[in-house]
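Model the full assembly from the supplied sequences, consistent with the hints where possible.
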Amino acid sequence: MTPLEFFLAGTMSAATVFLLAALGELVAEKSGMLNLGVEGMMAISAAVGFVVTYQTGSHLIGFIVAGAAGIGISMIFAIVSITFLANQVATGLAVGILGLGLSALIGKNYESFTVTAPASIQIPVLSDIPLVGPVLFQQNIVVYLTIVMAILISFCLNKTRLGLAIRACGENPKAAESLSYSVFKIRYGAVAFGGLMAGFAGAYASTIYTPLWADGMIAGRGWIAVALVVFGTWKTGRIFLGAYLFGMVSLGELVVQSFGLAVPSQLLTAMPFIVTIVVLAIISSDRARLRLHAPYSLGETYDGSEPQ
Amino acid sequence: MLLQFERRDTPSKTLVFATPFIAIAITIILSSIMLLIQGKSLLTTFFSFFIEPFESTYAISEVFLKFGPLLFIAQALAIGFRAKVWNIGAEGQMIMGAILASSVPVYFTDSDSVFLLPAMILLGAFGGLVWAAIPAFLRTRYNANEILVTLMLTSVALQILYYLLLGPWKDPMGFNFPQTVMFQDAALFPPIIFGFRLNYSLIIPIIFTIFVWIYMEKHFGGFKLTVGGLAPHAATYAGYSSNGAVWKSLLIAGMAAGIAGMSEVAGPIGQLQRSVTSGYGYSAIIVAYLGALHPIGIVFAAFFLSVIHIGGDYALVTADLPISSVHIFQGLLLVSYLASFTLVNYQFKPRKARIVEIESSLT
Amino acid sequence: MQNERQPLLTLSKLTKIYGSLIANDSIDLDVYTGSIHAVLGENGAGKSTLMKLAYGVVKPDAGEIFWKGQKINYWKTTVARGLGIGMVFQHFSLFETLSVVENIALTIKGSQKDLIDHIRKIGADYQLEIDPTAMVNSLSVGQRQRVEIIRCLMQDLKLLILDEPTSVLPPQHVRALFDALRKLQNNGVAILYISHKLEEIRELCDTATILRDGKVTGKVNPNETSTQELATLMIGRSIPKVERKVSDHKSKNAILNVTNLNIKNPDPFGTDLKNLNLSVFGGEIVGIAGVSGNGQQELGRIISGEDLNGDLNLSTIEMFGQPVTRKGVIERRDLGFCFVPEERLGRGVVPSMSLSKNSLLTAFKKGMLKNGFIQDDVVDKYTDTCITEFSVKSSGNGATANSLSGGNLQKFLVGRELLLEPKLLFLSQPTWGVDVGSANEIRQKLISLRDNGIGILVISEELEELFEITDRMYVLRSGRISTSMQTNEVSPDEIGEYMIGEEREDASNALAV
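Residue numbers (our numbering), protein chains in the order written: chain A, -9 to 298; chain B, 8 to 370; chain C, 57 to 569.
Hint data in this document are derived by calculation from the structure and do not stem from the laboratory.
Note that CB positions come from ideal geometry on N, CA and C, so glycine has one too.
None of the hints are false.
Quick list of the computed label-pair ranges, beta carbon to beta carbon:
id : chain 1 : residue 1 : chain 2 : residue 2 : range
1  : A       : T46       : C       : F325      : 51 to 59 Å
2  : A       : H283      : C       : S167      : 24 to 32 Å
3  : A       : S275      : C       : N309      : 36 to 44 Å
4  : B       : G251      : A       : I51       : 52 to 60 Å
5  : A       : T106      : C       : S167      : 45 to 53 Å
6  : C       : D432      : B       : T116      : 50 to 58 Å
7  : B       : D16       : A       : S255      : 54 to 62 Å
8  : C       : Q146      : B       : I303      : 44 to 52 Å
9  : B       : I330      : A       : I51       : 25 to 33 Å
Here it is, written out as structure tokens:
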């Protein structure tokens, strides 16, 4: 592989982590649930996914259990913020803190252990095309499935009745309830889906992208995924592009090294965060656009009470 | 639905006081279950957590050493949380305070001027202030979400710290460890009791607490912030500036966190190093909530969490508990607190009891 | 004769309790096929709660529901809809960011194409035309109501429930709605019609159930019952009349002047204000008529100073001869301006704070602060005065704002602002959700203020209210304002013409051709 091929192929892989988590958060937010615990959900699933993959040798089982762990911890968020009506921001933070702690506990005996990443799929003929082949057609299966997932989610949200119901809940839960949709069930479902996707993102990060366990390995990527949903103004296509952009930025170190530039590595590590801040400010300053696309009741507790 | 909540006509004052205790009880039950799963002895663990921190003067002094920064930052954060300004980057503001304050002893290694410490306090406050001003500016000018910005800035601050410690500020005699020189005595707070790490920086958070209490409870400025948090439209209607609330909340928190960071490097640590914050910036969020965002409640909550932190250190040794236990305990505490707090504004009634009551009210 | 037939829907001893309030107390109601049945009651009488029970939106705490004589145990919206019940809500259950057909697809099964055809067909049958692909946020309030009605008609409709449907319509459109409802009645649909407007009910309905304080106080045939009798059943006495003379101390100069106000709304769901001019003199009450959603909110926020639009000309808004366009809320209040907004909870008052703290909210310059510190005794005294002078029913100055009824809260709010001794008072929807008694007290108070030389601007959806208290009127429609009209020289129908607007423009175009 040439350095350029290597960089572009790496971008796709790095982007997959962001994309998985951001797609899950998108669905949760579309239903009105702002879950800021993504970082914690990813961390705990990364640990669980790693340990299970290490023990069983199966990435599939690792992913399944990690997804279940993601759903499990997202249910803590759902119970406290949907059933117990607590503030979503604070609950998300609390679940995030809890998730980070649990991830350290689960992974404590596995520090610096490694697993083998699954072999990438070699699509015959296509993978032999120069540049395009190694970049697009020699990825592992999760990269492709994630892209399929993005298309499915976009279709579901925009073209199906379930998608309409999710969006209705996020815009005006009271009206959705009056049309006999259960805001309770839809929001629980959306949060669980967010947990599942964060779980996959965590497992991907710890068993495929960097198949090695280190405490704190999620390193803010969950937060960037949350920011990506804003960048994409709650649209699947734009979130997809944003994820690939951030995949690229997070590989900045590779580029700089290959060009032999003397830039402090700390600056490169900080780069994704700086870019996030800048893009966030640019996107958010267009209030009209946010108002058009952001779920109107995002982050608001719905207690179903009927004012007289 | 199994659980049904009904909004109370007026929030329950009793439960505001009871909620932290309910949360602590739930957390202890949940932690016990986790400990049993791990095969740890409950007795030994809780002994280290809740008794050992009081067993010696030294242990108690260490509790108060943690109490200072937790109290300081939590008080400041609570002001913002009451106004619904979500600064969760106190950690980063603390790092920047520590960095700026450290510049004095790093560049004036030989000075023993009495102005050294005051200069460090000012610079520490300034560092935190600047780091909090960025999200305040981006939120008020560009509508950027302060949760994400403060959080991202913490990661950036951490990288700045690493850069300095590995590069220009590295102690040349430090065996290549990522840390600065040890600061001279003039750059350190004097200890309250000789031989212990507890020092006079504790006075600052205590004075600050009194100010915050007066400001939030008796002053119109605090009232305006509270209105902004409870009903933002009412604040606009009355002509209270929402941008003002964002600036005020963030700057106060930045300043407090900055000085807290400074008092770590000019106190127990005595130099700038990687683990300068000990996670106070995040713990303070939990303290602020557990104290019901009330200045007095926060004093007790800060003390409780200080005990947990010191207890956790002991449990590390005596009960062979992993470091993450304290984080898990804190996370559980906040989760249980938020869930329990629902009972302040809502009452829970099983369906049958409701109907009986209704029937009796009809006759 | 009707009583011998099987009722379509029977509500039996329905009870619903919210906290300490019994919203519906053991209510019985029978609805028959082909009947337009009114549920009459004033604000807070429990009409909306009863309809939500009937439609299954909320569950009763006690009581039973029968459909064609058969008891239904699990009464839910899905069940109700399955049986052929449709409901048009007062605050519509439409979603702004979805298109008309997407909104309908939320409850009606079928492919988008079929749904679009169906919507067009119903539109043609009942003169309820609407563009199925339009986004709801681009529709007027009247059009949104059409969407809700069409949605009900797309199912096999047996019973249609309408909650205060005319509150959002100009008089001419009310007639069109009544025509559509009569057509439905002739097609064998039963209609439950909720309203507090006596004339309407006498014109349209054949049966009326009257509610007061959550209890049924009467069942009558409204055609054979006088307005007086209906009013007595509804509020326990006849409707009080506001006493007023024509204003005779109008000031020389306008105390509020809005000149060429143009606002491009940054909110894509809001209304732009276009070339708007208005003035208020001391000693007169000026009304702004029109259906909400035509720029009322935007205009309110511009006049109050809550929205300081930087693009406006310095002299666009003048109070007492001074330009105030760049001045904030507090500076405008300092000049003698006071404002009562349409949303009380959450804007006019902080719901979870005590009445005292809510006095402090805007009256803090009445000696309540010393060096910035709150003087609780002054605050409490001000609050107590407000409570007694404006007969606010509450448990005292420590009661939280959300524990008050709509009427009492509005009296508190108006009282708090009036004790500030304004020279220019601005009220938006002053009697929304307020009981008849309190509304009357508030209106009477406004008249006496006017007689003392104070200038008052009132935005209201209720034409009756504006005709009762104002001296002059404007009409606001689609962000444009009409010329000023003397109240005693215009009729409700003429005002209605302005409220429709577009048809007027079409007509004038036709004339021009």
